[in-house]
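As a plain string of letters, each chain reads:
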Amino acid sequence: MQKIIFVFIFILAFTLRINDLSFPFFTVDEARISYRGYTLSHFGKDELGRSFPVLFNASDDYKLPVVSYLSAASIFVFGKNDFGARIAFILIGSFIPILIYKICFSLFSRKDLSLITALIITFSPVLIFLSKIPNEPIVLLFLFSLFFLLMLKKLTLRKNILLLIIILFVVLTSKLAWLVLLFLIPLTIFIFNKNLNFSKKISLSLILLIIPISAFIFYMNISQARRSINENNISLFYNLTIENGLNRLRGEGLEEGINPLFEKILFNKSAYIFAGFMHWLDQLQPAVFFGEFDPNGYFSFSNQGVFQKILVIPFILGLWIMIQKKSQKTMLLFLYSLVLTFPANFKFPQTSKELIILVIPIYAIIIAHGFLDLKRLYAKIIIFIVVLELVFLFSNFASTKMNTNTTRPEWVISVLKDSFDQSLVSKQVYISDDITSDLITYFQWHNPVSQDKDTKKIPLPYKVKSTMLGNIQLLRSQDTLESCDDETKTAIFLGSREINKATGNYLLIKTYVDSLRENRAYFLRRDKCNKLE
Amino acid sequence: MQQIRVRYFALFFIIALGFFLRFYNLDKFPVQLNHDEVSQIYDVISIVETGKDIYGNFMPVAFPSTGEYKVGHYIYISIIPYLIFGNHEEVIRYSSAFFGALTIPVVFLFIFQVMRNHSMALLCAFFVAINPSDIFYSRKSFENVIGVFFAFLGLYLLMKLLEKNSKFLLFLTPVILTFPMYLYTAHTLAIPLILVIFFILFRKKFINIKKTVVIFISIWLITILPLIYLILFNPGIRFRALSVSIFQDINLQKQISYIQTEDKIRTLVYENITTVIFLFNKYLKQFTPGYLFSYGLDMTNQSILGHGPLFAFELPLFLIGAFFLIRKIREKNEVKFIFFILLIVFIPSAITFEDYSPHRSIMGFTVISIISGIGLWFLAHNLFVIRKFSYESTRDLTVGVSSLDRTSSGFGKPATLQSGFYRDKLKILLLFFAGVIILINFLYFINIYTINFAYEKSQQMHYPFKQISLFAWSQHGNFDKIIIDPNYGQSWPVRAVAVHYYLAYYGNYPPERFQKEYNLNKQGLYFDKFEIRKVDWSIDRKIKNALIISSPWDLPINSINKEYVIKKFDFYDKSPAYYAVKTYE
Chain S
0 MQKIIFVFIF ILAFTLRIND LSFPFFTVDE ARISYRGYTL SHFGKDELGR
50 SFPVLFNASD DYKLPVVSYL SAASIFVFGK NDFGARIAFI LIGSFIPILI
100 YKICFSLFSR KDLSLITALI ITFSPVLIFL SKIPNEPIVL LFLFSLFFLL
150 MLKKLTLRKN ILLLIIILFV VLTSKLAWLV LLFLIPLTIF IFNKNLNFSK
200 KISLSLILLI IPISAFIFYM NISQARRSIN ENNISLFYNL TIENGLNRLR
250 GEGLEEGINP LFEKILFNKS AYIFAGFMHW LDQLQPAVFF GEFDPNGYFS
300 FSNQGVFQKI LVIPFILGLW IMIQKKSQKT MLLFLYSLVL TFPANFKFPQ
350 TSKELIILVI PIYAIIIAHG FLDLKRLYAK IIIFIVVLEL VFLFSNFAST
400 KMNTNTTRPE WVISVLKDSF DQSLVSKQVY ISDDITSDLI TYFQWHNPVS
450 QDKDTKKIPL PYKVKSTMLG NIQLLRSQDT LESCDDETKT AIFLGSREIN
500 KATGNYLLIK TYVDSLRENR AYFLRRDKCN KLE
Chain Y
0 MQQIRVRYFA LFFIIALGFF LRFYNLDKFP VQLNHDEVSQ IYDVISIVET
50 GKDIYGNFMP VAFPSTGEYK VGHYIYISII PYLIFGNHEE VIRYSSAFFG
100 ALTIPVVFLF IFQVMRNHSM ALLCAFFVAI NPSDIFYSRK SFENVIGVFF
150 AFLGLYLLMK LLEKNSKFLL FLTPVILTFP MYLYTAHTLA IPLILVIFFI
200 LFRKKFINIK KTVVIFISIW LITILPLIYL ILFNPGIRFR ALSVSIFQDI
250 NLQKQISYIQ TEDKIRTLVY ENITTVIFLF NKYLKQFTPG YLFSYGLDMT
300 NQSILGHGPL FAFELPLFLI GAFFLIRKIR EKNEVKFIFF ILLIVFIPSA
350 ITFEDYSPHR SIMGFTVISI ISGIGLWFLA HNLFVIRKFS YESTRDLTVG
400 VSSLDRTSSG FGKPATLQSG FYRDKLKILL LFFAGVIILI NFLYFINIYT
450 INFAYEKSQQ MHYPFKQISL FAWSQHGNFD KIIIDPNYGQ SWPVRAVAVH
500 YYLAYYGNYP PERFQKEYNL NKQGLYFDKF EIRKVDWSID RKIKNALIIS
550 SPWDLPINSI NKEYVIKKFD FYDKSPAYYA VKTYE
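Residue numbers (numbering that gives the first Met the number 0), protein chains in the order written: chain S, 0 to 532; chain Y, 0 to 584.
So that you can see chain S by itself, here it is in the shape it has in the complex (with noise of 0.2 Å):
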């Protein structure tokens, strides 16, 4: 029986994940993930011509390489397109709720419970949406549920060797897991684990927690990367609106003629706890999880939370449930929900979503009881405004499309295959860099390029590949059109920035419209040669 809820499971998931497949279309550093993943499994060498690197290069920061191999594992199996670049974690995505089942199941002994729970996270719109696109997030939470899921078992040597693994994997996939780990570990191990004496427990802990440590100092040797940390993982110690803030209120004090130890009394470092502790608090808040989860589309449809906006009676209820019956387990969970999510205090002013999507579970499981508590009509309403939330959802892709129009620009693959079919043709081409963000890595993704053929004799790839790809050149906003003798032809695609650049005989081939129907770039052609001042 257990096995049939398993099957449908797993395939209503898979079904709700793999629908519209080339949706969402992939951010600047998905598509570098993609890419990256193609060029490993088929050279070798990361996107830079690397060979087998660990560490990455993305957008804001460095990236540790579990999803990048994941993807190139992917890659490698189905090929250079969209299936191959979201196949695994839709895979990924699919097992989650299975895994939460067993976990829940484990937890309470109640299949009724359990496929609430498991029905839950297979709807939540995070997390379908996550499961279409090359994430840490989604892989942190499978790797976390199965340790949490081996951690209630009993442990055997077998087992022993698996959480070790395991915890590797989450080292390779993501510094913040680091700082996770510190608490999570000894955490789910004495409170969760009831088959390890305490001296066994500490064993446990301390040779868990030596993996993460390692990675830690590890990476700490390297350069740039305790800069990285101090920005990304830790910003609030580094942020200087906090500093500036204190330093103008005391000043104005000062000014009016109060005492400055008074002032200082008031307006001190302590400000960093509290500005990180409510950075915390506003990150756990109802509207994260039943309101909007990403206003910028990077980890969720528009105006979706983690879960069906209905869901917020059940999770008042079960909240409400929780505290009354004094359901020590259901608020155990809770609490270690807090904990997982503390590391959020450091980042402040950034979000930490990654955090959030790790406690989905613990929220489901919350909800699950207070629907079980729910009166059976009232259970039934709930059940069809979720129904009608997911078909509106599902209906209403074109709504997030238009609210990622520059996070997820949808509209400029007909610029990259245009550009690519004239790189064939003609002798240069040119394509102005405003028309969206990191062109020429959307560029390789999306075009059949050779990775080994355009980086191999160059020193310093990352430096030149920003700006020229082959016979493919970008256009900054310091460089201006001139025309000169050579009568090869010269293909420009220009965006709104560089449009007013092309004065003179110039013939507008095409103009290419954003999600927003909004003219973001033009096709040019001009039969003597441009040249770049």
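One thing to keep in mind: the hints can contain errors.
[Said to hold, decoys possible] Residues on chain Y that point at chain S, a partial pick, calculated with CB under 8 Å:
| no. | residue |
| --- | --- |
| 1 | GLN254 |
| 2 | GLN259 |
| 3 | ILE276 |
| 4 | PHE277 |
| 5 | LEU283 |
| 6 | ALA311 |
| 7 | PHE312 |
| 8 | ILE439 |
| 9 | TYR443 |
Note that these hints are calculated values from the structure, not bench results. Beta carbons: idealized from backbone N, C-alpha and C, even for Gly.
Please build the complex by placing chain Y on the supplied structure of chain S, with the hints as guidance.
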């Protein structure tokens, strides 16, 4: 007997503290009348002297004022303090400060009626007395504060009616509950919902007295009929409602514009669903912890370093209060009622165009303060009373003596402590530590409110306009024309909409004369020698014997001969706001 005296004294002290925090230096903090306040006080004078507002409308329901159609109740209420105390700037703040302070005893009565516990009610009243949002809004002329008073009074009477089915209460309660609906739109939405929840939660008690319910609802409906008429047919009120509604939210408009379907019915359905989703998201955002406890009052420009409508120390107390209320008092509908009120009173803020509108959620902040007070009571009770709390043990406390009161003469009295010496010391240390945190938090709020607020939000307070008006009047005889440019700003130019009110009020300009001379056209607003319009220095400098008062946004101050600059007006933070320049001719 002595205990009762102590309780009365404590209540008196709390109310006195509330009055002090709301009335002390009312003319100085906030540092000057903002444009709402100056328009209100001049309209008060205008109504008293002529029966019309400054635009000549006879006793309007909604005052066109500075263009946003203010609901006129606050102006009419403020006539009373104006007639009693005369024309002082702070008179316009008296009404809200007075009713803000009166909310304290009403909250005490309400909580006592619900929880049957004096100490708990006292703590709740104390928390309301020092509540930052209550103090903040009570010290500016703001009708919602009066609405909150009547709302809690109505709720108290409602709970009383539940206990005692008296005819007097039956007639008074629905009438009182309509007052806040007339006073402020947020209550117009919240009160009906609260009443619906009340009748659902306590339906069992009304089964045998259906007649009472019918009479109650009938009186309430009859009393709100004029309001319904006003909402439907008064253009000013309708304009006001539409101009602040969620449909003015640019983000919602953007979301709706993203809907791409050819089918009209489908488009309509999608638009409605999008609106509901947007509204729901906005509603949930009202519970953002940072907004509530850290920066929601928007008194500084320093991100998280500001002050929320609630004290930061109230956050753990609120959670404790909510936790214990749910855990200990299981079947008490009154507790559920409090939580429902909390959920309902944030709805009005969610359906307006601003992301957060704390001025529409004051009642919500008060309810959170009440739960925080209950949290402190539970905390103190668990710390200082060894016998485990059980609500059942306090059920007989209808005379107002709680289990805590019966076992001690007050919080923290050593007489109740039966545990070990070190444990007692630890508790006292804990209490001391908590006291220090509360004190520092309170002083932090006072500092932000009395010092930083003026520096940081000088522009929003329209700080230099009083000085500008007084100076303009001092130069009235020296110039043929005085031109004032309404564009000003600390970081970017904004248009001041109440310059004429400032000039008229600080010049003691007779309203009757203002009504006759007031002239508004495309170029600007004119009365007496004053022209309130955008300055074009290249043209205006040629005007004969004129005084031009303009901000650096429109005046090329560096190219003007310093001899002609006769006065500089600064924002509160000493950055230049305006210059008074005489023309070259």
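Results for each hint:
For GLN254/Y, the shortest C-beta to C-beta distance to chain S is roughly 7 Å, which falls under 8 Å, so the interface hint holds. Hint status for GLN259/Y: holds, given a least beta-carbon distance of 5 Å to chain S, under 8 Å. For ILE276/Y, the shortest C-beta to C-beta distance to chain S is roughly 5 Å, which falls under 8 Å, so the interface hint holds. Contact between PHE277/Y and chain S, as hinted, is supported at the beta carbon level, the nearest pair being about 7 Å apart and thus within 8 Å.
For the restraint placing LEU283/Y at the interface with chain S, the shortest Cβ-Cβ distance is roughly 4 Å, inside the 8 Å limit, so the hint holds. Hint status for ALA311/Y: holds, given a least beta-carbon distance of 7 Å to chain S, under 8 Å. The interface hint given for PHE312/Y is broken, as the beta carbon of that residue sits about 11 Å from the closest beta carbon of chain S, more than 8 Å. With a least beta-carbon distance of about 7 Å to chain S, the hint placing ILE439/Y at the interface is held under the 8 Å criterion.
Hint status for TYR443/Y: holds, given a least beta-carbon distance of 5 Å to chain S, under 8 Å.
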